[in-house]
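**Student:** The lines below spell out each chain.
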Amino acid sequence: MERLALLAATLCYLFGFSHTLFALGAGRFHPGRFNILAVALGAAAQGWYLLMRGAAEHSCPIGNLSETLLFLSWSIALIYLVIGPAYRLSLMGAFTAPLLLVLQIISLLLPNEARHGFLRPNPWVEAHAALSLVAFGAFGLACVAGLMFLVQERQLKSRRPDPIFHHLPPISTLSETILRLLWAGFLLLTLSFAAGWLAHVSIDGAKFWFSLLIWLLYAGLILGMRTGVTGRRKALGAALTFLIVLLLLPVIQHLSTR
Amino acid sequence: MNILCAGLNHRTAHLDVRERFAVRESEMAGVLERIRAIDGVTGAVMLSTCNRVELYAASLCQLRTLDGFRSILIERAGLEAPLYHHDTPQAVRHLFRVASGLDSMVIGETEILGQVKKAYSVAAEVGSATRTLHKLFQHAFRVAKSVRTETQITSGPTSVGSVAVELAGKIFGSLEGRRVMILGAGEISERTARSLQSRGVRSVIVSNRTYERAATLAAEIGGMALHFDHWEKAFADIDILISSTNAPHMILTPEKLAPLMRLRGGAPLFVIDLAVPRDADPAINDLDGIFLYDIDSLEQIAAESLTIRRKEVCRCESLIEEHVGGFIGWMRSVHSPESRRVTP
Numbered sequence: 001m002e003r004l005a006l007l008a009a010t011l012c013y014l015f016g017f018s019h020t021l022f023a024l025g026a027g028r029f030h031p032g033r034f035n036i037l038a039v040a041l042g043a044a045a046q047g048w049y050l051l052m053r054g055a056a057e058h059s060c061p062i063g064n065l066s067e068t069l070l071f072l073s074w075s076i077a078l079i080y081l082v083i084g085p086a087y088r089l090s091l092m093g094a095f096t097a098p099l100l101l102v103l104q105i106i107s108l109l110l111p112n113e114a115r116h117g118f119l120r121p122n123p124w125v126e127a128h129a130a131l132s133l134v135a136f137g138a139f140g141l142a143c144v145a146g147l148m149f150l151v152q153e154r155q156l157k158s159r160r161p162d163p164i165f166h167h168l169p170p171i172s173t174l175s176e177t178i179l180r181l182l183w184a185g186f187l188l189l190t191l192s193f194a195a196g197w198l199a200h201v202s203i204d205g206a207k208f209w210f211s212l213l214i215w216l217l218y219a220g221l222i223l224g225m226r227t228g229v230t231g232r233r234k235a236l237g238a239a240l241t242f243l244i245v246l247l248l249l250p251v252i253q254h255l256s257t258r
Numbered sequence: 259m260n261i262l263c264a265g266l267n268h269r270t271a272h273l274d275v276r277e278r279f280a281v282r283e284s285e286m287a288g289v290l291e292r293i294r295a296i297d298g299v300t301g302a303v304m305l306s307t308c309n310r311v312e313l314y315a316a317s318l319c320q321l322r323t324l325d326g327f328r329s330i331l332i333e334r335a336g337l338e339a340p341l342y343h344h345d346t347p348q349a350v351r352h353l354f355r356v357a358s359g360l361d362s363m364v365i366g367e368t369e370i371l372g373q374v375k376k377a378y379s380v381a382a383e384v385g386s387a388t389r390t391l392h393k394l395f396q397h398a399f400r401v402a403k404s405v406r407t408e409t410q411i412t413s414g415p416t417s418v419g420s421v422a423v424e425l426a427g428k429i430f431g432s433l434e435g436r437r438v439m440i441l442g443a444g445e446i447s448e449r450t451a452r453s454l455q456s457r458g459v460r461s462v463i464v465s466n467r468t469y470e471r472a473a474t475l476a477a478e479i480g481g482m483a484l485h486f487d488h489w490e491k492a493f494a495d496i497d498i499l500i501s502s503t504n505a506p507h508m509i510l511t512p513e514k515l516a517p518l519m520r521l522r523g524g525a526p527l528f529v530i531d532l533a534v535p536r537d538a539d540p541a542i543n544d545l546d547g548i549f550l551y552d553i554d555s556l557e558q559i560a561a562e563s564l565t566i567r568r569k570e571v572c573r574c575e576s577l578i579e580e581h582v583g584g585f586i587g588w589m590r591s592v593h594s595p596e597s598r599r600v601t602p
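Top line first, the protein sequences correspond to chains A and B. Numbering of the first sequence is given in our numbering, commencing with residue 1 and proceeding in unit increments. Numbering of the second sequence is given in our numbering, commencing with residue 259 and proceeding in unit increments.
Source of the hints: derived by calculation from the structure; they are not laboratory data. You may find that some hints are simply not true.
Label pairs and their calculated CB-CB ranges [unchecked claim]: (1) T474(B) <-> F22(A): 46 to 56 Å; (2) S461(B) <-> G228(A): 58 to 68 Å; (3) G587(B) <-> A8(A): 35 to 45 Å.
Bear in mind the structure is a predicted one, so any value in this text is a computation, not a measurement. Note that CB positions come from ideal geometry on N, CA and C, so glycine has one too.
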């Protein structure tokens, strides 16, 4: 049953992404309609899986890398469902779906045994982990907005825009979205660190330094944006920093479960 | 019962002629009443825009309706009307094409749909739209929506001004409160600035080598004149720069703009170079935050949009044909002897 929920989520994201590609190719794209539905259904299936897994483990289901990636992609999907329709960010779903799909497929391929015996979890540790992943969800979506910015900027610079140009949001809107998402993610990450500090548990030195590095990277990025950098640099910063986070995530996960 | 369409449009009559036959909104009720008084006419909707004057009538006798309509037009305009006319099903097809923008001067323009809706609502208000016409126009609105959403007939802008507006929209989102600077007070830059103003651009600064010309244009478009030697001072505050000077050399170069861009706090700049020879060095497009379009690239985008629209016409026609079939089927079922027997 758990596996079915995961497969259903994967199919939803795959369907959303391929439908957009097909619709764009055929010139019949209707902004916002299908992607939101596909991501919503995918997120619902993931949520169902995480709920069942959480009930089985008696804790937030982020005990291994597979679960962590699932939780991360679920966070990205949920934040997209809030941000995408609210800001009318046409095509954001099409850019979000492949990222969700990749995270989903990797998590499906990784070993994913349920943890048992965590009957009395530390709520501060749970809050720390969950808030961190929601923060990374916001950073993930900032990365998506950054990639959209770079595509749209390239279209504008080319002076021969492709049909996709008409469906992508304005670069100023994307630039604002990136900044807001980075702020939201940064605040959540700071809160998660505070929760981790309140948990009063011993922390691996390397994990601490890796986490601090990520926090500093985002703090530097946000500070840099206040000094009047161009939208292109904001977009590149958001995209590259999240890629670094994705590379560091397995390391932090490994150190957390050691 | 038949549907008759009769009228004149931009293809059959010159503007001088069309304007003589145009019916103002205030006159519409009276004209519709006169048309309904023609023997055999049960209902009428009159469409009068800058490009067409057309009657859609539910009629029992096409010939009498056409003659009556022609007489009314001749009486109003004082000259013979170069009328075309269509019977069912061509009249149905014609309305569907008109509402979808396929019969417009600029293929795929969407303003016509609003004008058709207005014509229908005026006729409905004065009780001139019968059941058949209600059904016909409601169907036409559905067809227009379907054509717009299922094809690319409305794709892209089709004039230099509208291309500039679309590009500005893709850079800045809303144009509300944006600032424009015009370098060189030419006619095309004035038209482009007006297009941008119609979309919410707040202030326009005009700078010209002849200050008086700048002041005149600024007064015409509600902007502010600036001495040409000082245009760089306003550079940090503008969002869009329209350049169309007669300078023999390039005045917007990377060497000049790179230091000025640093004063803008990362804000993007849309440069529209309408001058021939060009005012802007193409290399400024490589600067971070600058988006340069010259007259060729703007015209090319407009031409490509029109090409895409023309390619879509066949798809639109087949969509419309399906709907014409559907509507004619409905008409036959309603006006068949069987249905007349059932309907009290």
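**Student:** Check the following: the C-beta atoms of G587(B) and A8(A) are separated by a distance inside 35 to 45 Å.
**Tutor:** 42 Å, holds
**Student:** Looking only at beta-carbon atoms, does the pair T474(B), F22(A) fall within the given range of 46 to 56 Å?
**Tutor:** 54 Å, holds
**Student:** Using the Cβ atoms, figure out if S461(B) sits within 58 to 68 Å of G228(A).
**Tutor:** With Cβ atoms ~22 Å apart, the hint is violated.
Consistency note: the structure conflicts with earlier hint 2 alone.
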